[in-house]
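2 protein chains.
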Amino acid sequence: MNFEIKYKDARGRLGVLKTPHGNIRTPALMPVIHPGKQTIDVSLYGAEVVITNAYLIYKNKELRKIAEKEGVHKLINFSGPIVTDSGSFQLSLYGDVEVTNQEIVQFQEKIGTDIGTSLDIPTPPSVKKERAKRELEVTLQRAEEALEVREELMLNSVVQGSTYPDLRSKCADILGKMDFQVHPIGAVVPLMESYRYEELVEVVMASVSHLPDDRPRHLMGAGHPMIFALAVAMGCDLFDSAAYILYAEDDRLLMPNGTLKLENLYEMPCSCEICTSHTPEELRQMEKSERVELLARHNLNVSFAEMRRIRQSIIDGNLWELVEQRCRAHPFLLEALRSLKNFTTDLEKYDPPYKKSAFFYSGPESLNRPEVYRHWKRLERIPSKKRVLLLPRSRKPYSEYLHDIPQSYYRIIHNQSIQTLEPQSIETQLDDMQVTVVDVPFGVIPLELDQIYPLAQNESPQDYDEDSIKMVNNLLKNYLREFEEIIVSEKVLKTFRLDKTFQIDEDHLFSLPLKIMVDDHERIERIADYQFGAGAGSGLFTGDIKIVKSRKTGKIRHVYDGEELIATLRASDGVFVLAREGARRLHSFLPYPKNRVVVNEDAEPFAREGKSIFAKFVINCDINIHAKDEVLIVNEQDQLLAFGKSILNGKEIHDFKTGQAVKTRKGGF
Amino acid sequence: MNFEIKYKDARGRLGVLKTPHGNIRTPALMPVIHPGKQTIDVSLYGAEVVITNAYLIYKNKELRKIAEKEGVHKLINFSGPIVTDSGSFQLSLYGDVEVTNQEIVQFQEKIGTDIGTSLDIPTPPSVKKERAKRELEVTLQRAEEALEVREELMLNSVVQGSTYPDLRSKCADILGKMDFQVHPIGAVVPLMESYRYEELVEVVMASVSHLPDDRPRHLMGAGHPMIFALAVAMGCDLFDSAAYILYAEDDRLLMPNGTLKLENLYEMPCSCEICTSHTPEELRQMEKSERVELLARHNLNVSFAEMRRIRQSIIDGNLWELVEQRCRAHPFLLEALRSLKNFTTDLEKYDPPYKKSAFFYSGPESLNRPEVYRHWKRLERIPSKKRVLLLPRSRKPYSEYLHDIPQSYYRIIHNQSIQTLEPQSIETQLDDMQVTVVDVPFGVIPLELDQIYPLAQNESPQDYDEDSIKMVNNLLKNYLREFEEIIVSEKVLKTFRLDKTFQIDEDHLFSLPLKIMVDDHERIERIADYQFGAGAGSGLFTGDIKIVKSRKTGKIRHVYDGEELIATLRASDGVFVLAREGARRLHSFLPYPKNRVVVNEDAEPFAREGKSIFAKFVINCDINIHAKDEVLIVNEQDQLLAFGKSILNGKEIHDFKTGQAVKTRKGGF
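Protein sequence lines, in the order shown, are assigned to chains A and B. Counting in our numbering, the first sequence tops out at residue 1745, every number present. Counting in our numbering, the second sequence tops out at residue 1745, every number present.
The following block holds chain A by itself, in its conformation from the complex (with noise of 0.2 Å):
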């Protein structure tokens, strides 16, 4: 396979695709070559691939003796990788085309393009169920005869199965089981014209979900800069542009927030150099074909600006914050942004579970993401107490803040208040209980887990929406069940509604100062029970347990068993590094294949020696395995060859076949 993934965030990927021509950067734009007629030189605005269409070449006799003689590098004057169109669209435009699948396979291979397409049929969104099974049947004949025809060509199979999500999977299962290199989602170009983008988001994902991960897609026909950041959070890697030129021919300037039109106005609307360099009302003067050039060089800026903005936040670990600044453009945005929650559980598996970035609250939309999911499962892996005690957020991580605030408090039991506390008893008690804070978007933070990303990495507004204490109401609801007595701060009963949920006596309301410490032992079980699963804690930790901080932070820094490290935390996002001692332990009591990548026997010298594991000698693996998660690097017999990070979610592990699997860390067992 051609493709690797080197960063992961939300579903994205920034990846390289290998090609006979050169390697791409993913996620890529790439822009649309007219074959007969492109002026200008789109290498120059950062395209590291192209895409011009083989139907048009076929078509035209002169460009045909060109291409067939010279190759359609020559023709179109690109050296870098070329992909080519089989004129589908001709075919969905016009209803007919002049040339049999078989043909313009062969005929794509002849002209030496990198990444070929078979000769599908783009089935419109909203037809009858009928036609669209009928039509997509023809798809994968071609497929399958476009794959017998072709010789070394890499080849695109395009998904189509129009608005139907079954399809549309069922297309994606059968084209990911063939020896496919690129997967295009086709005929969506209805959808964003008309803003259809919930639509979109539904035809992506259930396109994305059943492709395999080791191969690059293709958004066929999104060029507007606007929906590029949801599409890679959404799992596509490729675009092509052909709006750069055809939004110019019509005086129209694409924006990662929408389209303008030359004639409204007044300034120019961005910092590239055709926007400072010129006046609107320079441009509308102008001759048109020297205005759709200037114009064109602009959506190129704006385009490809927006493409590395993108790579960097998939780097950064912020992909969602832009996609969700992104989505802001337009309410239809917004509502497809909103619809991303139907697929929280896919997301959630290919989102890595720590970033860079702080996670930073926007509305609502994102009380929908992955990693505020991801938290209410982790927290079924912390064991319960009897008692807890219910704190109001502060300044972050909570426990060095929280002794600030001052509290007024009801003790409630059998859902009903009642007041038998002293005022100094809390803090006596507070060993036995469970003390944990209220804040949006994460809902409940036992006080042990507050310095672990994200819940020590994010920020929301002080003001809180409906949605955020809704939700909230519905998570403590469900949190609180299993106490048998709660003590809860007025403040988090009235700002979360609580006392619609239980019966509250005004009379027995306390107040009285807090001093909450958190155990260091308990908040070490409690990070690696939240980070490796229910009882890993103890797991890790016994023996003569030595804790060690940092002395310029005060924090956590090593676990060791008298003199032997097992983990350690890492202080960027407050989560274990495993030690050797921490991995054996972790293999000891892990039930396999729990957290496990195993490797074949070629592998295991190499593994043992502390290399970095590749794809393609991993034999099975943990399929919950998160990107970024410490795992354990086992041969078949289970024995423990050495332990890394993973760079891949267990999916992907299974699907890649090149590539890094697993940055290692430790070999030597």
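Same chains, same names: a pair is fine if it fits in one copy or spans any two.
Straight-line distance between alpha carbons at most 20 Å, and here's what the computed DMTMM-like set of lysine to aspartate or glutamate pairs gives:
{"id": "1", "residue 1": "1546", "residue 2": "1575"}
{"id": "2", "residue 1": "1253", "residue 2": "1080"}
{"id": "3", "residue 1": "1432", "residue 2": "1339"}
{"id": "4", "residue 1": "1727", "residue 2": "1712"}
Keep in mind that the hints were calculated from the coordinates and are not lab data.
The hints should help you fit chain B onto chain A, whose structure is shown.
Coordinates of chain B only, in the frame set by chain A:
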């Protein structure tokens, strides 16, 4: 006065400030120029005005000599308007300066500054109130003293008062009565540096709402493009940026949605000339001085592009949309945006009721926009009926699409559902029934108003958030109080949770096909009521009313009494533009001074000739006039002279002494 407003949106103003060295288009960014060591020519990046420090010049023998001899324009080699600061910044840094207020004002006059500044006391945020008061006294004394000393110099007078809104307002009130040309809002840098944006909003709103509208306000020290849109929407006109160079020196890149550190960059983030021609690695490898200059150029490119976008947004009428996008860059900006709901009454007066752009819903914050609040108020102008039919949203305008929706209904009388209607009977009873659509964000829309801006020109996601549901539920409960009989579609009842208000009997659900027509006479009367006030419809449209529709769109265009045109419905926003007869009628029944702009004797002949009305001729006006309202131009005896469209609102017409106030449509009375 030297300031004039050309376009308005939110509280923002696109204006022109005249100075001895030329005009400044506002909102404007004034790059800070170091008098001794500036290397970048900021005029190349779009700077029409710069700011430099008179105290630094004063203190440096050499600079002072040149400035006194050849003027500050020669000294810093900038031929356009120059603003100078007085040393207050140094005072805030070092606690002392070696110059008196008198000396520095006179010095600024001497060196030919366009706009000088008195030596105010920049009281930091969150000091004790006593100190803030004491220092404010000194600031006010120095302001007075500066006025006594200055001759021709235009003068800044800085609003101080720390984080006490009442002190800021008091200071603004006092300074506003004195003869200053520009009002900086001072000592807010510490708020911005620590992301205390909500307090910044409080301080700015307390200041601008008490400053005269005919002077520009300068948000002192605001140089990060992230804050520009919000600040302009609150009524700030001038910004100064030292950030472009300070951030560059610190290897940081300004972006409209935050700050990026060069060390973390893998790709350049923007479309500017610097970002398209360098990689981060190239920049990191450069000599410091070369790198700083390039980063500063990027920062200028980005900052001026943002300012251009903002000016364009004011013209397009989508400044709120831009603000709501920008405020997603950080949760504390979102918090600030949310806090604008405390100022809705004030903002509503400034925000024009009719705009070129559609209202885009971007989240719960959009519910607090002036347009929504204004709609609630104007709804009271619509006369009530006994019965109401509540319908769910459809495509807009509703009246053209509602018949497509199959509906189930409940009939509610005395808070209880009841089923005594025959299936066919709703249609025949529509005449004495108010048909109303229930939708987000405007809540209830009587069908006669469904083509008025922004009720037809808005978009929001189908998937409502909780704040929207809660707001509409509250609105509905209030709205429904006046009706004896309610027929409500099941969808409306469930979506907006009216089933908790009314006792619903599921058996009473009935369904019927709809054929809803809006009576043309009802429509024109309700539009006039909504636009001009209760009763305006019946007042305007009496006599032999003839309604002429557009052949193309089928929509109402003109309303006549016999042969006499009364008013024309503007196609773009669905509101009435008066004809002469309409103006005469409006004048006859609207009591003085409602909708009036009163001009003095000198202007009377010009007004009768149909010439536009300049602010200096206005002696009184209806304080409730909004920009873009249809207004009556009268003399002191309330004789109608002419009519036209207001450019400013009532308060602004009062305050301004220069520029146009009303664009006259017709005189001749």
